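Number of protein chains: 2
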Amino acid sequence: MTEDGRLERLSGMLKRRGFLLPAFEIHGGAKGLYDFGPVGGRMRSRVNQRWLDHWLQLGNVVELSCPTVTPYAVLEASGHVGEFSDFMTECGSCGEASRADTLLEPHHPNPDALKRDELQALLFQVQPPCPGCGNQAWSEVKAQNLMFNTTIGAGDSGRPGFLRPETAQGMFTSFNALHRHFRERLPFGAMQVGKGYRNEIAPRQGMIRLREFNMAELEYFIDPEAELNDDLSPWDDAPLHLISDGGNGVEITLSEACKQQLIRHPTVARFMGITRDFLVDIGIDPSRLRFRQHEQDEMAHYAVDCWDAEIEGSYGWIECVGIAHRGCYDLESHEKATGKTLRARREFDEPRTITIDAWTIDGATAGPAFKALAGAVKTAVEALPKSTSFPCEISLENGAKVVVGEEHVKPNQKTIKETGEWYIPHVIEPAFGIDRIIWHVIDHAYSELEKNGEPYTLMRLSPTIAPVDYAVFPLFEKDGMGELAWNLHQTLCKTSGLVSMYDASGSIGRRYARADEIGVPICITVDHQSLEDGTVTVRDRDTGEQHRITIDSLS
Amino acid sequence: MTEDGRLERLSGMLKRRGFLLPAFEIHGGAKGLYDFGPVGGRMRSRVNQRWLDHWLQLGNVVELSCPTVTPYAVLEASGHVGEFSDFMTECGSCGEASRADTLLEPHHPNPDALKRDELQALLFQVQPPCPGCGNQAWSEVKAQNLMFNTTIGAGDSGRPGFLRPETAQGMFTSFNALHRHFRERLPFGAMQVGKGYRNEIAPRQGMIRLREFNMAELEYFIDPEAELNDDLSPWDDAPLHLISDGGNGVEITLSEACKQQLIRHPTVARFMGITRDFLVDIGIDPSRLRFRQHEQDEMAHYAVDCWDAEIEGSYGWIECVGIAHRGCYDLESHEKATGKTLRARREFDEPRTITIDAWTIDGATAGPAFKALAGAVKTAVEALPKSTSFPCEISLENGAKVVVGEEHVKPNQKTIKETGEWYIPHVIEPAFGIDRIIWHVIDHAYSELEKNGEPYTLMRLSPTIAPVDYAVFPLFEKDGMGELAWNLHQTLCKTSGLVSMYDASGSIGRRYARADEIGVPICITVDHQSLEDGTVTVRDRDTGEQHRITIDSLS
Numbered sequence: 012m013t014e015d016g017r018l019e020r021l022s023g024m025l026k027r028r029g030f031l032l033p034a035f036e037i038h039g040g041a042k043g044l045y046d047f048g049p050v051g052g053r054m055r056s057r058v059n060q061r062w063l064d065h066w067l068q069l070g071n072v073v074e075l076s077c078p079t080v081t082p083y084a085v086l087e088a089s090g091h092v093g094e095f096s097d098f099m100t101e102c103g104s105c106g107e108a109s110r111a112d113t114l115l116e117p118h119h120p121n122p123d124a125l126k127r128d129e130l131q132a133l134l135f136q137v138q139p140p141c142p143g144c145g146n147q148a149w150s151e152v153k154a155q156n157l158m159f160n161t162t163i164g165a166g167d168s169g170r171p172g173f174l175r176p177e178t179a180q181g182m183f184t185s186f187n188a189l190h191r192h193f194r195e196r197l198p199f200g201a202m203q204v205g206k207g208y209r210n211e212i213a214p215r216q217g218m219i220r221l222r223e224f225n226m227a228e229l230e231y232f233i234d235p236e237a238e239l240n241d242d243l244s245p246w247d248d249a250p251l252h253l254i255s256d257g258g259n260g261v262e263i264t265l266s267e268a269c270k271q272q273l274i275r276h277p278t279v280a281r282f283m284g285i286t287r288d289f290l291v292d293i294g295i296d297p298s299r300l301r302f303r304q305h306e307q308d309e310m311a312h313y314a315v316d317c318w319d320a321e322i323e324g325s326y327g328w329i330e331c332v333g334i335a336h337r338g339c340y341d342l343e344s345h346e347k348a349t350g351k352t353l354r355a356r357r358e359f360d361e362p363r364t365i366t367i368d369a370w371t372i373d374g375a376t377a378g379p380a381f382k383a384l385a386g387a388v389k390t391a392v393e394a395l396p397k398s399t400s401f402p403c404e405i406s407l408e409n410g411a412k413v414v415v416g417e418e419h420v421k422p423n424q425k426t427i428k429e430t431g432e433w434y435i436p437h438v439i440e441p442a443f444g445i446d447r448i449i450w451h452v453i454d455h456a457y458s459e460l461e462k463n464g465e466p467y468t469l470m471r472l473s474p475t476i477a478p479v480d481y482a483v484f485p486l487f488e489k490d491g492m493g494e495l496a497w498n499l500h501q502t503l504c505k506t507s508g509l510v511s512m513y514d515a516s517g518s519i520g521r522r523y524a525r526a527d528e529i530g531v532p533i534c535i536t537v538d539h540q541s542l543e544d545g546t547v548t549v550r551d552r553d554t555g556e557q558h559r560i561t562i563d564s565l566s
Numbered sequence: 012m013t014e015d016g017r018l019e020r021l022s023g024m025l026k027r028r029g030f031l032l033p034a035f036e037i038h039g040g041a042k043g044l045y046d047f048g049p050v051g052g053r054m055r056s057r058v059n060q061r062w063l064d065h066w067l068q069l070g071n072v073v074e075l076s077c078p079t080v081t082p083y084a085v086l087e088a089s090g091h092v093g094e095f096s097d098f099m100t101e102c103g104s105c106g107e108a109s110r111a112d113t114l115l116e117p118h119h120p121n122p123d124a125l126k127r128d129e130l131q132a133l134l135f136q137v138q139p140p141c142p143g144c145g146n147q148a149w150s151e152v153k154a155q156n157l158m159f160n161t162t163i164g165a166g167d168s169g170r171p172g173f174l175r176p177e178t179a180q181g182m183f184t185s186f187n188a189l190h191r192h193f194r195e196r197l198p199f200g201a202m203q204v205g206k207g208y209r210n211e212i213a214p215r216q217g218m219i220r221l222r223e224f225n226m227a228e229l230e231y232f233i234d235p236e237a238e239l240n241d242d243l244s245p246w247d248d249a250p251l252h253l254i255s256d257g258g259n260g261v262e263i264t265l266s267e268a269c270k271q272q273l274i275r276h277p278t279v280a281r282f283m284g285i286t287r288d289f290l291v292d293i294g295i296d297p298s299r300l301r302f303r304q305h306e307q308d309e310m311a312h313y314a315v316d317c318w319d320a321e322i323e324g325s326y327g328w329i330e331c332v333g334i335a336h337r338g339c340y341d342l343e344s345h346e347k348a349t350g351k352t353l354r355a356r357r358e359f360d361e362p363r364t365i366t367i368d369a370w371t372i373d374g375a376t377a378g379p380a381f382k383a384l385a386g387a388v389k390t391a392v393e394a395l396p397k398s399t400s401f402p403c404e405i406s407l408e409n410g411a412k413v414v415v416g417e418e419h420v421k422p423n424q425k426t427i428k429e430t431g432e433w434y435i436p437h438v439i440e441p442a443f444g445i446d447r448i449i450w451h452v453i454d455h456a457y458s459e460l461e462k463n464g465e466p467y468t469l470m471r472l473s474p475t476i477a478p479v480d481y482a483v484f485p486l487f488e489k490d491g492m493g494e495l496a497w498n499l500h501q502t503l504c505k506t507s508g509l510v511s512m513y514d515a516s517g518s519i520g521r522r523y524a525r526a527d528e529i530g531v532p533i534c535i536t537v538d539h540q541s542l543e544d545g546t547v548t549v550r551d552r553d554t555g556e557q558h559r560i561t562i563d564s565l566s
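If you read the protein sequences in the order shown, they are chains A and B. The first sequence begins at 12 in the working numbering and counts up by one. The second sequence begins at 12 in the working numbering and counts up by one.
Everything labelled a hint here was simulated from the structure, so no lab data went into it. Warning: the hint list may mix true and false statements.
Intra- or inter-copy, both count: the list cannot distinguish identical chains.
[Unchecked claim] Pairs of lysine-lysine residues, derived as DSBU-like cross-links and limited to a Cα-Cα distance of at most 35 Å, are as follows:
| # | residue 1 | residue 2 |
| --- | --- | --- |
| 1 | Lys505 | Lys382 |
| 2 | Lys270 | Lys505 |
| 3 | Lys412 | Lys425 |
| 4 | Lys462 | Lys421 |
| 5 | Lys489 | Lys428 |
| 6 | Lys26 | Lys351 |
| 7 | Lys206 | Lys153 |
| 8 | Lys26 | Lys347 |
| 9 | Lys347 | Lys42 |
| 10 | Lys489 | Lys270 |
| 11 | Lys26 | Lys270 |
| 12 | Lys42 | Lys206 |
| 13 | Lys42 | Lys351 |
| 14 | Lys206 | Lys26 |
| 15 | Lys397 | Lys428 |
Remember, predicted model here, so these are calculated numbers, not experimental data.
Based on the provided sequences and hints, a complete structural model is requested.
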């Protein structure tokens with residue numbers, strides 16, 4: 012078999028065998044929406060569970076579950092209302108919407124770095140054909156927000172909302188609950204596995220660019236001034252393939268990459284190591300995995316460092332995980348938008364003496380002048396900087412405004428001892444695109460072989476995430492072999508975490524082939540001898556080796 | 012402690028300890044949207060996993076995962092576009108939307124059974140006060156669809172869609188993939204755990220009526236003519252509390268209830284038994300669980316039978332599970348809307364001889380008359396009933412219309428042998444409201460006690476779904492006790508499926524109290540002796556008993 016048409020054969024098999032299917036296909040389907048089918052559904056939930064188990068090992072991470080429907084204010088604070096958009100143009104002939112940068116890919120080395128005006132100019136100059144109808148009649152390029160919008164509530168009580176573009180925001184807004192849960196001890200993390208949404212202008216590349224996708228994110232909150240003691244030694248014998256900003260690809264250990272300042276934070280490095288372990292554990296080929304650092308102009312302005320785990324497969328090198336040091340941006344944004352504090356306290360090793368040089372009220376004059384408001388005026392005046400000049404109008408907490416004159420105030424100079432301070436924690440965020448990862452796990456496991464001159468498909472899925480653990484076959488469904496096989500199948504199904512499949516149709520060879528195609532690690536055959544001595548034939552997917560063992564030793 | 016205020020104390024604790032919290036609260040929140048917090052998140056995922064494991068034991072059930080964003084056509088076919096609505100009225104004074112039936116609850120025994128006009132008349136007669144502002148100025152009552160709507164795609168390419176109101180439809184539209192997966196052998200089932208959405212007009216009762224909720228559904232496809240051999244004997248020693256349509260409550264076994272025709276289908280009865288086992292397994296008090304049959308006018312017109320599992324708690328008896336025999340309604344609706352077949356084949360025991368008495372074409376006259384169309388005319392004519400009279404205009408497959416005269420046709424009488432037939436499977440659907448179930452698990456586990464004259468909270472959560480399995484306490488964080496405890500905690504965290512919590516603040520008594528409040532089954536204390544002999548104190552939540560065991564025996 013050659014590589015020609017491999018992607019089509021693989022996609023066809025995934026659909027036929029029930030891994031991944033276009034959703035709602037009998038109704039004409041909808042681009043960018045996929046089902047995980049009878050085989051893929053289990054694989055998805057095993058990958059999700061494996062991901063959670065993997066990060067739970069940190070010992071200071073909890074799982075959250077927040078709504079996908081999200082009020083406008085939350086995503087305005089996060090910046091998504093303003094900035095989560097692609098540049099769109101519509102075909103004046105057939106009406107189909109396209110991404111301007113996609114249309115210009117054959118004509119520019121990096122069109123997604125272009126600004127609106129540049130895209131506009133190039134589009135009108137090049138006039139690429141519409142992928143829908145072939146005509147060349149493009150509308151003005153405009154920024155199209157990529158969030159699915161909806162209304163929360165009915166009638167005039169309805170409020171605008173969106174489907175979340177990521178799971179992260181619910182974890183940021185939960186910061187205070189997390190801080191309380193961890194008894195105010197940083198670092199700690201929250202993680203969430205769930206749906207994210209991105210109303211793509213023109214979805215393509217199958218599972219790579221979906222409108223509704225499965226994601227898994229960890230928000231890890233750290234004190235930027237604390238010593239974190241990230242242990243990178245577990246990866247000292249396993250160098251990673253890194254492409255740093257402005258550099259070439261190197262094979263290097265995480266310890267060395269930190270020492271050389273390629274990776275700018277040790278926790279980012281540690282999370283890269285954990286990410287690699289997770290991906291390899293579920294079946295990604297380590298030789299087709301690399302970490303690429305974002306270039307300065309590619310990275311969000313607030314980010315300190317960002318590395319993508321890229322996996323090579325049928326669509327080339329695809330970003331599947333992003334590990335970003337986001338500084339204090341997220342918590343600070345929500346603080347600013349809400350006026351609530353999202354902070355942790357840092358105790359000083361030694362109490363610090365702090366000199367305050369500012370203003371307070373002169374009770375003798377301010378008391379009679381402001382009467383009942385005098386207390387509130389004092390609070391407000393003490394918050395003013397020393398550079399304030401009087402008279403000066405100030406706002407009190409209750410909203411009232413008063414004019415404070417020179418005669419009402421006096422300098423307030425004192426030294427106080429502070430034992431600690433409140434600060435906004437920084438966030439390191441590993442964000443995993445579960446669908447893309449599952450796609451690549453399948454892509455790497457899918458092997459096109461030949462058997463007796465015929466094409467033969469073998470899926471070498473890791474037993475950790477294989478959708479079916481055992482396939483049980485009765486040689487024939489007679490003489491009690493069917494019942495014995497069904498009982499064994501039922502017993503296996505009753506073991507928590509195990510899935511067994513019963514298959515009685517066709518020759519044993521055909522059944523092995525069907526099981527191999529979906530990656531069942533172990534097939535078990537019940538035959539005449541089983542009825543006599545309680546043994547079955549157990550056959551290994553990858554080696555094809557067969558052994559006879561007793562049924563009791565299986566369950 | 013009295014029951015007075017129990018619900019408020021429980022809700023307060025759930026929020027404070029991070030079980031359940033109003034979502035996005037720092038942004039003012041949104042009614043009907045909740046977070047599962049640092050403690051509740053893990054509990055939710057364990058209940059979901061337990062549910063999947065439970066039904067997987069059937070041995071002929073697979074897990075699917077379908078999108079939540081659903082095209083209009085799918086939900087039009089299912090009937091949700093037309094019929095998934097509540098009657099709404101808006102306050103002319105403050106603009107708040109209310110459900111008309113809720114407003115009228117104090118004035119009518121069963122207002123949700125009223126039709127629009129009846130609600131309208133009663134509302135105008137009674138003029139109940141607005142729950143928002145107290146005024147009495149209600150708008151016309153109108154049906155308000157309860158689906159969240161959105162647009163799939165951008166610009167003129169955008170298509171209307173909704174957030175799914177249930178997970179079921181994606182499983183019905185996947186029928187052919189399921190049928191293929193199970194090698195065309197019924198019965199089989201598909202199940203899905205995921206989000207459902209209902210844009211409530213006015214959410215209330217906390218976790219009972221959410222706008223975005225967690226649900227778990229199984230669609231079990233059966234041949235209505237097959238012998239199913241549902242074994243009800245496992246429940247012969249465990250009678251259930253049943254309230255049948257028109258009957259009083261009885262304690263009765265499932266076998267007996269089927270014999271008496273209270274339950275109308277044995278698979279429905281078996282699923283009621285499995286449902287009971289699941290609920291009791293995760294901690295529902297069996298004495299506060301009952302099954303209530305829908306009355307004829309409460310049941311959808313197509314349904315054969317429907318039983319709700321109701322659980323008693325702080326809000327009275329609440330429907331938490333529905334087990335419905337839905338006949339062939341769902342698959343038939345999607346067939347009608349799409350023109351695709353969603354069928355299974357039933358082989359006859361003996362081939363059947365079928366007499367066909369209808370029409371065919373007379374080749375000698377129809378051939379010259381219809382020329383190239385003659386074949387298509389033949390197909391169309393043979394599909395006509397014997398009662399057809401000619402001449403008659405008929406539509407051909409290609410859309411063309413022709414007039415067929417008496418001279419073109421002749422009677423077509425023949426007998427053929429059929430070995431089987433295609434039919435639309437029936438569906439039995441257990442649908443679980445996971446949030447409501449978790450609420451009641453917590454409600455039943457929550458115990459208000461006294462200890463040394465102080466109120467004391469103990470959560471008697473089942474270890475199968477407790478959010479934290481172990482709490483590890485160093486007696487003090489010095490002399491190496493902190494390190495030893497942290498290492499033990501880390502080791503426990505590395506065991507798949509286990510969650511450990513490390514707590515070093517306050518007295519051991521305070522730490523036991525905090526662990527008891529969130530239902531940690533086992534607390535482990537590391538003290539001076541641990542440093543010497545490697546033993547720790549293990550304390551049981553429910554009995555308070557303490558034992559010393561070696562660390563090695565734990566991990």
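query: For this structure, which hints from the list above don't hold up?
result: 1, 4 and 11
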